[in-house]
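Asks: What follows is the residue order along each chain.
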Amino acid sequence: MLSRFRNCNLHSLVSTSLGVIALSSLGLAGCGGVTTFAGSSAFAIAATPPPAPAPVVAKPEPKPAPRVELRDNKIEFKEKIQFEANKAVIKPASDALLHDIAEVIKKNPQVKKLSIEGHASAEGDAKRNKTLSEQRAKAVLEHLVKKEGVDGARLASRGWGSEKGIAPNDSEDNREKNRRVEFLVAEADVTVKKVEIDPTSGKESIVETKTEALKLVDTPAPASNAAKPVESSSKAAPAAKAGEPAKAAAAPKAAAAKPSAPATAKPATPAQEKK
Amino acid sequence: MKSILSVAMIAGCISSAVGCSYAARSPENYRDDTQAALASKNDAIRACYDGVLKSAPGAQGAVTVNFEVETEHGTIGKVEVDKAATTAPEAVAECVTKNIAGLAIAPPDARTGQGTFSWNFAAPKAPSKS
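Chains C and W supply the protein sequences, listed in that same order.
Numbering (my numbering) for the first sequence: 1 to 275.
Numbering (my numbering) for the second sequence: 276 to 405.
Since the hints were derived computationally from the structure, they do not count as laboratory data.
Note that the structure is predicted; figures quoted are calculated from it, not measured.
One should not assume that every hint holds.
Quick list of the computed label-pair ranges, beta carbon to beta carbon [what the hints assert, rightly or not]:
1) P50(C) / A376(W): 27 to 33 Å
2) G32(C) / G326(W): 36 to 42 Å
3) E61(C) / G326(W): 30 to 36 Å
Here are some chain C residues the structure puts well away from chain W; computed CB gaps all over 12 Å [as the list claims (entries may be wrong)]:
4) G33
5) V34
6) S41
7) H99
8) E123
9) D151
10) A153
11) R154
12) K177
13) K210
14) K215
15) V217
Where is the CB? At the ideal position from N, CA and C, for every residue including glycine.
Looking at chain W on its own, in the form it has when it is part of the complex (with noise of 0.2 Å):
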């Protein structure tokens, strides 16, 4: 009885250790990693935007979305602007979204991560008239 009930209770620990990465980050480690992955888009984010403001000079404002990071290779997915946070025109938020789906943070997590994350757009003064 006792040699059943041990190697059930070990073939269990095995079983979880195989099926799990244990790289469990903490609520702040999950977010600063990844920022750090979003940050490294923000140039292409920009030339998005600079296309933008060739056929919608001034468009500006905030864009927020929800993504989830998935566990098996840290990808960012189901990118979705909440539009409730959103003022910036469709097109502005679309270089967000367009830029960060698919990014990955590395190693995965072992937990799916839930993050929700801000762009501040300001378009160039116009020249003042005098």
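Only chain C is shown next, with the shape it has when bound in the complex (with noise of 0.2 Å):
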């Protein structure tokens, strides 16, 4: 019995450090060793695009200086008016540049009389060159007014002959010069702002506004009855040489024509009004 026992009870040690070590080898068969394995696919990497390139603004080209324009109370541009040698006809080739005044006369309602004043150098007999250049300057309001459709009432014409030159005829480039038509505003709307600044905060502010026709230069005959056209004998003295130009010019200063303004006023500039 005993025997039988020890047996059983020796059969059951054996069995119990069976599964012992067998709980001890798979603890240990967990920890440690080692696990291998690859990654599944490939990281990309992409390298990060370069910034584009800021597009190109094409700088805008700085704007040409208008051919005609309404500045100081006269039209101003560089270009010559073209004549016949001796003779008050318009060449062909000034048709472009009376059509550029004529519209800087027409987008300027606020010019209500314009003088068109013609000038020649001191070259050959006054008389001749004085009737010449108004001759001229009849011509040029008769284009504006036929071929243009300029309103003739705003129009004026004269001509000075060499009396107003603007360089000493001591030499042909003197000359030419004398040589012009001016468009001179003789008469335009003005306005006049009263304005009163609050003396604590500085701020401007109207009080009154008042549009009146200022006169700047004085004008002959009206121009309906100047604008005829007219051809100078080729018998008379040459104040002009052939294909003769007559230049545009400074015009005589204009501020002096200004009326002074109130000293509360602001007066707007005559060709435009201030806003």
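From these two lone chains plus the hints, build me the complex, please.
Replies: Set out below in structure tokens:
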């Protein structure tokens, strides 16, 4: 019996030991050892794309100076109105220029009267020069009215001969400067604004606005009477050379004709209303 | 005799339990956890690569590295470039090695990991001349 017990006990002991060893080895198997693995796919690394080049913005080309513009109480242009030699006949080459002049006149309705003034150099007979400059100014006026549709009531013409030279007549260059046609603002609507300045805030407030006609240049006969195309005689003394252009030049300072505004009033420029 | 054996067995079990975390991942889980850790460095690797391209425009290709994941902290170490499987210049490969060394997976695994991973680097296309 005892031996049986012992056998049984021994058997139990052995089986228990085997179980524990198995457990221990299981634990040891989970601890330690190596797991080998490889990435399922490669990581893709794309370089950061370089910043898109800034769009090339075309630099706006500086606006060319207008061919014709109303400035300082006159119509300014760099070119010359071309006349046939010793005649008051405008060459077709000047049609485009006269068209642009007409456009400026039309776009500035505040200009009520424009004086077209012809000038000559001192070369030749003074009387003849005066007549020719007058006729040329009239020819220009006529062209603007008939071909460009400018209101004749807004235009007047006169000729000064060599009376108002802008350069001494001592060289051909200077004489050329004196041969010219000018467009002077004779009358214009001027808007006068009476402004009060707040002494504390310094803010300006318009108290009164009024528009009044301002006479800058005395004009002679009305345009309708003066506008007749005239062709000068070729027998007369040559006041102008063949193909002689009449150059627009600096107008006499119209500023002198400006009325002095009251101390509290701000007169706008005669040419453009100040808003 | 029986009690002696029992005590010895229990002690053996306790010792094995203490020395081992038992967080033993399957190879797939080990790979996925490691891959996730590596992916967290992709932005840094890209930045490094962008820098390389400044001095070596057009540098690109594959980089394959072998490494170990240690069991104590789950840290990636012993990173080595597999030159046979690497086509990218050394500077590009360095972008990988220096960025992934020291990464760790959590929790650490009971078993050492031996991983092999690859990165494909692509340089931007040069603008076509027309």
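Asks: Next step is simple, just say for each hint if it's right about the structure.
Replies: Comparing the hints with the structure gives:
| no. | hint | verdict |
| --- | --- | --- |
| 1 | P50(C) / A376(W): 27 to 33 Å | holds (29 Å) |
| 2 | G32(C) / G326(W): 36 to 42 Å | holds (41 Å) |
| 3 | E61(C) / G326(W): 30 to 36 Å | violated (42 Å) |
| 4 | G33 | violated (5 Å) |
| 5 | V34 | violated (5 Å) |
| 6 | S41 | violated (8 Å) |
| 7 | H99 | holds (45 Å) |
| 8 | E123 | holds (64 Å) |
| 9 | D151 | holds (58 Å) |
| 10 | A153 | holds (63 Å) |
| 11 | R154 | holds (59 Å) |
| 12 | K177 | holds (55 Å) |
| 13 | K210 | holds (65 Å) |
| 14 | K215 | holds (66 Å) |
| 15 | V217 | holds (63 Å) |
Consistency with the previously given hints fails for numbers 3, 4, 5 and 6, ordered from lowest to highest.
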